[in-house]
Every structure is written in structure tokens, then in C-alpha cells.
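**Q** The lines below spell out each chain.
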Amino acid sequence: MSRSIIHLNIADFAVAVESNIQPSLKGYPLVIAPLGAPRAVVYDMSDEAYKEGIRKGMTLARAKRINKKIKILPPSFNRYELVMKDLLKETFAFTPLIESGTSDGHIFLDVTGSGRLFGPSVDVAFKLKKAFKKTFNFDPIWSVATNKLVAKVATRVVKPVGEYIVAPGDEKAFLAPLPLNLIPGLIKKELTRFFEFNLFFISQARVLTLEQLKIPFHFRAPLLYDWIRGIDPTPVTTSCNCKNLSIIRSDHEFSDDTNNADLLKRALYLMVESICKTLRNRKLTGGATKIILSYSDGLQSTSKLKLVPSTSNDMAMFKKCVPLLNKAWTRRVRIRHMRLICEKICQGAIQADLFSVGNKETKQAELILAMDKIHDKFGKNSIKAGLTMRVKND
Amino acid sequence: MTQMLSRASKLFVGTSGYSYGEWIDSGFYPSGTHSSNMLDFYTQIFHATELNYTWYQMPKAPAIERMCTKVPKDFKFAAKLTRTMTHEVKKGQWAKEVMLYRQGIEPLIQHQKLLCILIQLPPYFKRSITFRNYLAALLDELAGLPIAVEFRHDSWANDKVFSELERRKVTLVSVDEPDLPNLFPRLDVVTNPDLFYVRFHGRNSRGWRSGNMQKQFDYDYAQWELAQWAATIKTAMMTQAATGGIFFNNHVRGQAPKNALRLIDLLFKDYHLQKT
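Protein sequences appear in the order of chains A and B. If you count the first sequence from 1, position 104 lands on 104 in our numbering, and the numbers rise without skipping. If you count the second sequence from 1, position 41 lands on 41 in our numbering, and the numbers rise without skipping.
Heads up, a few of these hints could be off.
Covered stretches of chain B (in silico footprint by chain A; criterion: 3 or more residues with CB under 8 Å from a CB of chain A, positions within the stretch not fixed) [said to hold, decoys possible]:
no.: 1; stretch: 14-21
no.: 2; stretch: 32-41
no.: 3; stretch: 54-64
Subject to a maximum C-alpha distance of 25 Å in a straight line, what follows is the list of computed SDA-like cross-link-like pairs (lysine to any residue) [unchecked claim]:
no.: 4; chain 1: B; residue 1: K96; chain 2: A; residue 2: V157
no.: 5; chain 1: A; residue 1: K130; chain 2: B; residue 2: Q93
no.: 6; chain 1: B; residue 1: K91; chain 2: B; residue 2: C68
no.: 7; chain 1: A; residue 1: K172; chain 2: A; residue 2: K130
no.: 8; chain 1: A; residue 1: K133; chain 2: B; residue 2: R209
no.: 9; chain 1: A; residue 1: K277; chain 2: A; residue 2: A385
Calculated directly from the structure, the hints in this document are not laboratory data. A quick note: this is a predicted structure, and the numbers were derived from the prediction, not measured. Where is the CB? At the ideal position from N, CA and C, for every residue including glycine.
My request is simple: use the sequences and hints to build the entire structure.
**A** Okay, structure coming up:
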């Protein structure tokens, strides 16, 4: 039996989220881009802005030249992610096999095995669309197909609104008349190569044999050969960040995009403090940390580090995280959002040392414990690390 | 199954949709049947089906065209009218939707595969002035096509409604569904001499309003229930219309094809008895 894959796509997700918060923005050209950053680029735009010629990745200055009166909002990655999580909760009612981006409005569901419980996949997709509309005021595009590739192409065909059901066995015929740029995963270089050969549509590209495709596309040829025939055996892989309870994370969103090292370090310390406090409360220690930096143009960079020994000590973790931040910070573009994730969480040492040694670490641990007691008694803001004192003004 | 059961009536018995994975487990489709091969197998047993997906999505002519080429010459489709004209009607837009729908099902007409257009109306579609006007306008827009109307509210069970359908040569769908308040009753009224139409939804009262299709249409008709219907179809319906469409919607666990085959047996048994 073939698979039943549903693809839900909330077109212009960031714009949809912002428009839900401010309904007055609906129907107007709207751009999501960082304000105050001189070289900012468009992160997302509404359909109205798209029709005016504004595109993702375009410089904000150019977008403003196209439409001087265009409304601009700064991106709130944290908010998009939270909304995405809420959407995923709704979909988990139908299947555990869900794949999604962190904040892009795309969700794949494999409902092959849940037909007996919830009925035909088309009905599940329709129910989810209605639920998204009712609960979140989103109107997602939906499609049903036998694999992720065809399902995604189908939503691209009907964007910005609508639905598409590709019947099993109909994949090849459905794709045939479509332009090659609708195939997800094709990189710009590959598209250009196809165009150089005067191949613009999927049916035209199918004329090439695998051997012929290998000449311009080398090792990617078998993959492309399958894609243009609607073959995509990749499974719907459950993303870890929505279900994994074995991580602790903290986020910091800068009110203005920044590339000031001091500000970044202060924000990092605050996040370390928050994570370590959670670890100590649960009598756990963190064995690894990961930093994700989101730049103002929407790109991200990540860096990971193993903590040996595992720790829940603010100062020890911060000391390790500073080089990690520097490692992740690879671009000159300003940073909009920073996330610190603590992984490989394990039980802290239960047995105390027989002979306590008055070294620096012990003193730091005692200081942190004392600060914890003060926080518990007098509140979070009663005592602060000096490094974090100016953060509220950032 | 298309069978000439009498001089007057040609019957098309089938199921509402044919692509259900659980029909493999229930034994209707052989083990390992790929979804793309289900229609091939289905057409070896039945000669008609309802197209359910056209309710969710506006039919697209190329896809319908491909479907037409896959089925035998005498196979028929009853295509559901899209929800944008029944359940989610937008004032000022629905007429355009009708036009798109007509374009979408055009291959069915060209290949002579269209049994009828099935207008399934929602339970809240009561017999009010607004809805009466809308239905009249919708039937006008669909004029020229074979139409069957299924009501889900009992306010339409009215002689005036039946005579208007008769005047328009529109088929009233006889429904078999649970005995619940406000649901359209089981009737054998034939309003169109060209076509009568029966839909079996099952009599699962507990699951009907559960919002889950797997509960709503989970019902296995008893032999006596089917025998009653066989008698009604033969005596009250086949005598009044040239063609009949009979479809089972109780798809859960393959009960629809099982019940459809049993009904065919019953109709044939009577026919053979008559002959002898």
C-alpha cells in the first residue's frame, strides 16, 4: 500500500502570525525585516507585497524603493516558533509522524497508519485545515499525496490558498506539465543548468536518461532522476525539538539587531543563569550546550560543545559558552535572536566530597547556592551578576 | 454492478469511494494492493462509484480525464459537488465555482462516464427561504446535467419539494441513515424518471454525530435490512425510473463493498425467482 502524506503550508507564515496579532495589517503590503539595521534584508512578505515585486532576501532599502509606504515589522522568531509549536500540538492528535521546520509554517504528516482511527487522509487534512482556521485563524494550503516531494509541489501549485489531492499513481502525470522550479530541493545552480539545456518543464527534463543526467549533475543525477518522476522515498522524520524533553533551552531576542560583543555576552550569561537554575532545581547537570544565532536576514548559525565535566554552575558553563558563541558568530550581519540549548542532561553528583577543597570552583558553587537562596527569598531581581546589570537597557 | 434487472431499470451498485487502505485488511482488496491499483481491482467487481474527493477539491479536468481512461467502457461515476457550493458557500463566488466545476467534470461527460452530480447538503441546510432560493439558483446553474440532491435535514421531506424536483427532473436521494431527530427520513420517493438514487450511510446512531467518520459510518447491514431495501428498490423504485444508482457509504472495515455485494445477490435472487 502506498503512503498517505499530508502537507500543510501556511503561506507567508511570519506575515500570517503578525497579521493575526494586528488584524489591521491584513490586505496591505507588509514586509518582515529588521528595523535599524543598515543592510537588512526582507525575511518575509505578504502576498500583496509579493505582487508588487518584493521578494525574500531582497535588501530592505530596495523594497522601500518599490513601495515607499510599505509597512515594515521586525521579525519575532521566538513568537513564530511558539505558534508553530501550538500548531504541532493540534496535529499530534492525528499521527505521531510529523515533520516541520522550526518556524516556517510547513508541516508534513504521515497518516498511512492512522486511517482506521481517523478515516481517509483527505478528511484528516480537511479537519486540520478547519482546526487551524478555528483555533489560530490561519488558512493553510493543504495537499495529500503519496510522498513529501509531490505533496510539497502540490501546495506550491495552489499557493497562496487552496488544496490539492494527488491520487496514488497520478504523481508522474501531475508533475509533467509543471515548471522545474517547483521541485523542492533543486538548487539554483541545477536549475540554471537545466535552463541552459532549454529544459524548463518537468516533462522536458524526463526525456534525459540517467546516464545523460549524470554528465551535468554527477552524483546528484540519480536523485534528480527520481524527483522529476515524482519518486521520493524519504520518510516523514519527527523533528526532535518539539517532543524532546531531555533538553533545556533559553532564548534571548534583541530589541534591536546587534553585533555588539558585550551585549551578546550579557545575553548569554542571562541564558546560562536561567538554564543552570533549572538544572539545579532538578538536581541535574548539563553535558553539552548548543548556541543558535539567528541573523537579521533570517539565516542561522549553530555551534555545539561538550561539557566535561557536566555542570550546573553558572560561571563554569558561561566560561565554556563564550568561546562557543565566538565560534557560532561567523557573519558580520547583525544578530536578532540567540538561543542556548543544554543537552545530555544527567544526574548531578549525589555524594559530596569527603574532604572539601577550598578551590575556586567550590567557592563559586557556594556563591551560586547563596545567590539561589537570596533569589528564593527576595525575588529574582534582588541580586544579580555584575555582567548582566546593563542588559535591561539594551 | 451494472445489471439489467428489468426492461425498465438499469442498476449501478457500488460504494462511496474505492481507495481505502483498510479494505485490504478486510479482504476486499488482495493483500499488498497498491493504492494506485485499487480502481483497477474495483472495476472488476463494481461498475460504478461515487467520487468523494470532488467534495474536498474542485475537480481538475486532466486528472478526471486520466481516471476515465482507466475504467471499463460501461463504468460510471457519481461526482459529488464541491463543498464550496454546498457547505462553504460564498455569496457572489459560488456561480464562478459552478463554472469551474462544469469545466472540471467535462471529461466525464465526453467519455459518457457521468451517472450524475451528487449535491450533498449539510445538516444545517434547512428549508428556509434563503436556502430554498439558493438551491433553486444552484439547480438553475447546473441545468443540463443529471443531478441528485441529498438532504440531511427533515424539513425538506415535503410534497412541495418533491413536486418541484419532479418538475425539474432532479433526483431525490433516498438515504438510509440512523433514526435520529431532524435527519431526513428513509423514503422511496422517485422524482426523476431517468434516475433514482439510494445512499446507505449505516444506522450507527451513537457514532453519527461523533465528528469521526470512522465511527459515523461504522455499520454492517443485517440481511433483513438489505432484503427490505431490495424489495423496496424492486417494487417502488425500479418501476419508476430507467436507471438506478445505489451506493454504500459505510466504508469502515470494508463493510460497504461487503453489503453492496449482498444487496446485488438479493436483487438477483429476486430477479432469478421471477424468471423461473
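**Q** Among all the numbered hints in the text so far, which are the ones the structure does not match?
**A** 6, 7
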